[in-house]
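As you go down the protein sequences, you meet chains X and S in turn.
Numbering of the first sequence is given in our numbering, commencing with residue 1 and proceeding in unit increments.
Numbering of the second sequence is given in our numbering, commencing with residue 490 and proceeding in unit increments.
Fair warning: there could be bad hints in the mix.
The following label-pair restraints were derived from C-beta to C-beta distances [unchecked claim]:
| no. | chain 1 | residue 1 | chain 2 | residue 2 | range |
| --- | --- | --- | --- | --- | --- |
| 1 | S | GLY834 | X | ASP24 | 40 to 46 Å |
| 2 | X | LYS112 | S | LEU952 | 42 to 48 Å |
| 3 | X | ASP312 | S | SER822 | 46 to 52 Å |
| 4 | X | GLU400 | S | SER808 | 43 to 49 Å |
| 5 | X | GLU259 | S | ARG511 | 29 to 35 Å |
| 6 | X | SER137 | S | SER822 | 23 to 29 Å |
| 7 | X | GLY101 | S | LYS966 | 35 to 41 Å |
Sample of chain X residues facing chain S (criterion: CB under 10 Å; computed from the structure) [said to hold, decoys possible]:
| no. | residue |
| --- | --- |
| 8 | MET35 |
| 9 | GLY41 |
| 10 | PHE66 |
| 11 | PHE69 |
| 12 | PHE74 |
| 13 | GLU76 |
| 14 | ALA82 |
| 15 | TYR95 |
| 16 | GLY104 |
| 17 | ARG139 |
| 18 | VAL152 |
| 19 | ILE323 |
| 20 | ASN341 |
With a straight-line Cα cutoff of 30 Å, these simulated DSS-like cross-link-like pairs (lysine-lysine) come out [to be verified]:
| no. | chain 1 | residue 1 | chain 2 | residue 2 |
| --- | --- | --- | --- | --- |
| 21 | S | LYS738 | S | LYS566 |
| 22 | S | LYS784 | X | LYS98 |
| 23 | X | LYS328 | S | LYS784 |
Calculated from the structure, these hints are not laboratory results.
Backbone N, C-alpha and C fix where the C-beta goes; we use that ideal spot for every residue, glycine too.
There are 2 protein chains.
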Amino acid sequence: MSKALPKRSENYSEWYNEIVKRADLAENSAVRGCMVIKPYGFAIWEKMQRALDDMFKATGHQNAYFPLFVPKSFLEKEEEHAEGFAKECAVVTHYRLKSDGEGGLMVDPNAKLEEELIIRPTSETVIWNAYKGWIQSWRDLPILVNQWANVVRWEMRTRIFLRTAEFLWQEGHTAHATEQEAIEETETMLGVYADFAENWMALPVVQGIKSPAERFAGAVETYCIEALMQDGKALQSGTSHFLGQNFAKSFDVKFVNKENQLEYAWATSWGVSTRLMGALIMAHSDDNGLVLPPKLAPIQVVIVPIYKSPEDLAKISESVEPIVSELKALGISVKYDDSDNQRSGWKFAEYELRGVPVRLGLGMRDLENGTVEVARRDTLTKESRPLDGIASYISGLLDEIQASIYQRALKFREENTFNVDTWDEFKEQIEKGGFIMAHWDGTAETEEKIKEETKATIRCIPLNAIKEAGRCVYTGKESQGRVVFARAY
Amino acid sequence: MSKALPKRSENYSEWYNEIVKRADLAENSAVRGCMVIKPYGFAIWEKMQRALDDMFKATGHQNAYFPLFVPKSFLEKEEEHAEGFAKECAVVTHYRLKSDGEGGLMVDPNAKLEEELIIRPTSETVIWNAYKGWIQSWRDLPILVNQWANVVRWEMRTRIFLRTAEFLWQEGHTAHATEQEAIEETETMLGVYADFAENWMALPVVQGIKSPAERFAGAVETYCIEALMQDGKALQSGTSHFLGQNFAKSFDVKFVNKENQLEYAWATSWGVSTRLMGALIMAHSDDNGLVLPPKLAPIQVVIVPIYKSPEDLAKISESVEPIVSELKALGISVKYDDSDNQRSGWKFAEYELRGVPVRLGLGMRDLENGTVEVARRDTLTKESRPLDGIASYISGLLDEIQASIYQRALKFREENTFNVDTWDEFKEQIEKGGFIMAHWDGTAETEEKIKEETKATIRCIPLNAIKEAGRCVYTGKESQGRVVFARAY
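Go ahead and model the full structure; you've got the sequences and the hints to work with.
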C-alpha cells in the first residue's frame with residue numbers, strides 16, 4: 001500500500017491494471033491470454049451470476065450443460081458462423097501424451113483424433129445439434145435453456161476481464177415455434193441485461209441494434225447494451241441475438257407446427273461474460289481504487305477498531321458484536337477486522353482500494369460518546385453517527401450509495417454524449433471520447449471508412465432513437481436517425 | 490411411457506441407461522464420451538452444487554477460477570502426477586482454423602503452438618504455479634480455495650455420469666504452513682463429503698484411506714468415501730488428498746515460517762464430480778424409475794388434478810391454490826400440473842419416473858370429502874389425508890422420506906457387507922457383489938493378484954477399522970485389520 005495508484009487522468013490503462021492487481025481481483029496466468037480470477041474478484045462474479053441466474057429463472061429459463069468440444073464439421077455447417085470464429089479457435093488434435101524418452105512428455109502421434117475438436121468459442125452448433133433430438137412438435141417448444149460455461153477465443157491482444165483467451169460467461173439458447181416469439185425473447189433478454197446492468201451494476205446502458213457489420217456471426221439481428229467508460233470509450237456489455245432459422249437449417253431442426261406442417265425452429269442466443277467485471281471496474285472506480293455498487297460488493301460493510309491496548313480492543317469488540325449481528329440480520333455482509341497485523345490507517349486504505357462501500361471506524365472516544373465514524377467509499381466522505389440505530393441507518397445508506405453510483409455514471413454519460421453534425425466536429429470529438437450521436441447513411445462502406453479514419457465504430461442504433469431526418473456525417477447522404485459512434489473496448 | 494423400464498434384477502446396466510434417458514437427466518452428445526446434461530438432470534446437480542458450496546464456505550473456503558489449459562511442461566513437473574494423467578490428455582496443438590479451399594475448414598499449419606496445451610484433467614499444476622506468486626510468508630497461509638470447473642480425461646470406455654471424457658466437478662486446493670494442518674484439512678473435507686453424501690444424497694458411505702496402488706497420482710495419502718450400489722458394486726464418491734510438499738517442491742513454493750526459515754508449503758486437494766449423479770441414481774432408484782431424496786429433488790411435490798370437465802378442473806384448481814401457497818411458504822418446491830395434454834394416469838407414471846418424492850392427487854370426490862390422495866415415491870404407498878393441514882403434514886413427510894431412503898440404503902449396505910476369511914469364500918462372494926471385509930497382507934503384489942483373479946479392488950482401508958489380527962485372505966500372511974474389497978464402477 002506504499003505506492004499510490006496511477007491516476008485515471010494520467011494513465012487510464014495502467015490505472016485499470018493496477019486496480020485489478022491491487023484489489024486482488026485477478027492476474028495473468030502462465031498461459032498466454034488466460035487469467036486467474038482470484039477469490040475477491042470471483043466473489044463479485046458470483047454475486048453477478050446469482051443475480052442473473054435468478055432473473056433467467058424468473059423469466060422461465062432452466063440451466064443445462066453442453067460439451068466443451070465442438071467437432072470441426074459442426075463449425076463448418078453455418079457459413080457465416082464458421083467464418084466469424086475459425087480464426088480464433090483452439091484446436092484439440094490429439095488425446096494422449098507419452099514419454100519422450102528423456103524424462104519429459106510428448107504428444108503421442110498414434111493418438112491423433114480422426115476429426116479435430118474445437119474448444120467452444122460459443123455453443124450454437126453443439127446445442128442445435130442436440131436440439132435436433134429434442135424438438136419434434138410445437139408441443140416441445142419453446143425450449144428456454146441457459147448454460148454457465150467457459151469459452152475460448154484465441155485473441156491476439158488480451159486484457160484481463162476485457163478480452164481474454166478463455167473467459168467465463170452464460171449463454172442462453174432458445175428455440176421457438178414462431179419468428180415473432182423468438183424476436184420477443186431476444187428483446188426480453190436484452191431487457192433483462194439492461195435491468196441487471198442498471199440495477200445491480202449501477203451501470204447506465206444504451207439498448208440498441210448492431211449494424212450488419214457488427215452483428216454476431218450467424219445472427220439475423222444482434223441487440224446489445226452499450227456502456228460508457230470513464231475514459232470515454234464504449235464497452236459492449238451484453239448481446240442478444242435473433243438467429244432466425246439459420247441454425248435450425250444448418251442442423252436440420254424441424255418441427256410439426258399446429259397446422260401439422262414441418263417447419264424449421266426459430267432461435268435466439270444471448271450472453272454476458274466476465275467482461276462485465278471490466279465494465280464494473282472502469283465505470284465506477286476512482287484514483288483511490290475500486291468502487292463497488294453495494295449490491296455486488298462481497299463485503300458491504302467493514303468495521304475497523306481503532307485502539308492502542310488489548311483492553312481497548314476488547315471493549316470495542318464488545319460494542320461491535322451486536323452491530324455485526326444486527327447488520328447480518330438485515331442481510332448485509334459485514335466484516336469486523338480486528339486483526340492485529342496492521343494499523344487502522346493501513347486497513348482504511350486497503351478497504352478503500354477494495355471498494356468496500358461503507359467503513360465503520362470505532363475508537364475509544366466513539367465508545368464514550370456512543371458514536372461511530374461512517375465513511376462512504378463512493379464519495380469518500382465521513383460523518384459521525386450515533387451508535388444507536390446504526391444498522392438500519394447503514395441499510396438505508398447502502399441503498400443510497402447504490403443509487404448514487406448509478407446517478408453519477410448516468411450524469412457522466414449524459415455529459416459525454418454529443419450530437420455531432422459535421423465531419424470535422426466528429427474527428428475532433430472522437431479524440432476526446434464519449435458517445436457521438438451522428439447521422440449515418442446506412443451503408444457498410446461508410447461505416448468502414450469512418451472506422452479506418454477515426455477508429456470509431458457504430459456501437460448501436462438505439463432502440464429509443466428519435467426519428468429525425470438528417471445527413472450522414474461522413475457522406476452527406478440522407479439518414480433517418482442518429483446512431484451511436486464511439487471508440488470501444 | 491408405453492414401454493416399461495428394464496428391471497434391475499434382469500439388466501441393471503440397461504435399467505440405469507433407461508432411467509437416465511427417460512427421466513430426462515442427460516444424453517450422449519455427438520462428441521465421443523461427452524454428455525449433455527439436460528435441464529432436469531442439471532437442476533439436481535445445481536442443488537448438489539449449492540449444498541456443497543455452502544458447506545465449503547462454512548468451512549472457510551472461497552471460490553476462484555484458474556485456466557482450462559495446462560502447459561505440457563507443467564504436467565511434467567510432478568513425475569507421478571504426469572505419469573498418472575499423460576495417457577488421457579486432450580491436447581491443443583493449434584490456435585486457428587482456415588478455409589480448406591473446398592468450402593470447409595482445416596487446421597492452419599501456421600498456427601501451431603510453441604508448447605502444447607493440455608485441457609486440465611485436474612488443476613494441481615496450474616494452481617500451484619499460481620500459488621507460487623501468492624505465498625511468501627506464513628501470514629499468507631492457509632490458502633483455502635475451491636473452484637467449480639469442467640475437466641477432461643480421455644477415457645476409452647465411457648458411461649453417462651459415471652465415466653465421461655468431460656465432466657463437471659469442484660476441486661479444492663489448499664496450502665498450509667504445517668503438515669499437521671494440511672492433514673487436518675484433508676480429513677475435514679472428507680468429513681464434509683461424508684456429511685453431504687449421507688444427509689443430502691441419503692447415501693451411506695464408508696470413509697477410508699486408499700491403498701498406495703489406488704492413490705491419486707502425486708498424493709501422499711488419498712482419503713475417500715465409498716458407497717455401495719444396488720447391483721453390489723462400489724462407487725467411489727469423493728476423494729480428499731494429502732499432497733505433502735510434492736507440488737510445492739515441483740513448483741518451488743516456499744514460505745518464510747514463524748521461525749524465519751524458508752520451507753515448502755503443504756498441500757491438499759479434494760473433489761467430487763457429476764459422477765455423484767450416477768451414484769444418486771443407482772443407489773435409490775427402482776423398477777419404476779428415479780427415486781430422489783427430497784433435499785435434492787428439483788420438484789418435491791407435484792399436484793395432479795383428476796377431472797372430467799373444465800368446470801371440475803376450475804373447482805379443483807381453486808382448492809389447490811392455497812395448498813401451493815402454503816407449501817411454497819414452507820420452502821417446498823411444488824408443481825401444479827394442470828396441463829390438459831395428458832391424462833392423469835400418464836402424469837402419475839411420468840412423475841414416478843422422474844422421482845418426484847410426493848404426489849398429491851385431487852379429484853371431485855376428494856373435494857367433497859375434504860381429502861387428498863398422498864402418494865410416496867419411495868415406498869409407492871398411497872393414503873387419503875384431510876386437506877386441512879396438508880402442507881405441514883407434507884413438510885414432515887418429506888423429512889421422513891429423506892430419512893427413510895437413507896435407512897433403506899444403509900440396511901442394503903449392511904446386508905451386503907460380508908466378513909470373508911477364506912479365498913474360496915472370497916471368490917464366491919465377489920460374484921454375488923457387496924462389500925467384502927477381508928484381511929490383506931498390505932502388499933501391492935497381493936492387491937494386484939486379487940484384482941487380476943476377481944476384478945475386485947481394495948476400495949479403502951476404513952478409518953473406523955477395528956484393529957484385529959488375522960491372515961491375508963489371499964496369501965495367509967499376517968494382517969492387522971480388514972479392508973473393504975469390491976468390484977467397482
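Status of each hint after checking the structure:
no., hint, in the structure
1, GLY834/S - ASP24/X: 40 to 46 Å, "violated (59 Å)"
2, LYS112/X - LEU952/S: 42 to 48 Å, "holds (45 Å)"
3, ASP312/X - SER822/S: 46 to 52 Å, "holds (50 Å)"
4, GLU400/X - SER808/S: 43 to 49 Å, "holds (46 Å)"
5, GLU259/X - ARG511/S: 29 to 35 Å, "holds (30 Å)"
6, SER137/X - SER822/S: 23 to 29 Å, "holds (28 Å)"
7, GLY101/X - LYS966/S: 35 to 41 Å, "holds (38 Å)"
8, MET35, "holds (7 Å)"
9, GLY41, "holds (8 Å)"
10, PHE66, "holds (5 Å)"
11, PHE69, "holds (5 Å)"
12, PHE74, "holds (7 Å)"
13, GLU76, "holds (5 Å)"
14, ALA82, "holds (6 Å)"
15, TYR95, "holds (4 Å)"
16, GLY104, "holds (5 Å)"
17, ARG139, "holds (7 Å)"
18, VAL152, "holds (7 Å)"
19, ILE323, "violated (22 Å)"
20, ASN341, "holds (7 Å)"
21, LYS738/S - LYS566/S, "holds (9 Å)"
22, LYS784/S - LYS98/X, "violated (45 Å)"
23, LYS328/X - LYS784/S, "holds (26 Å)"
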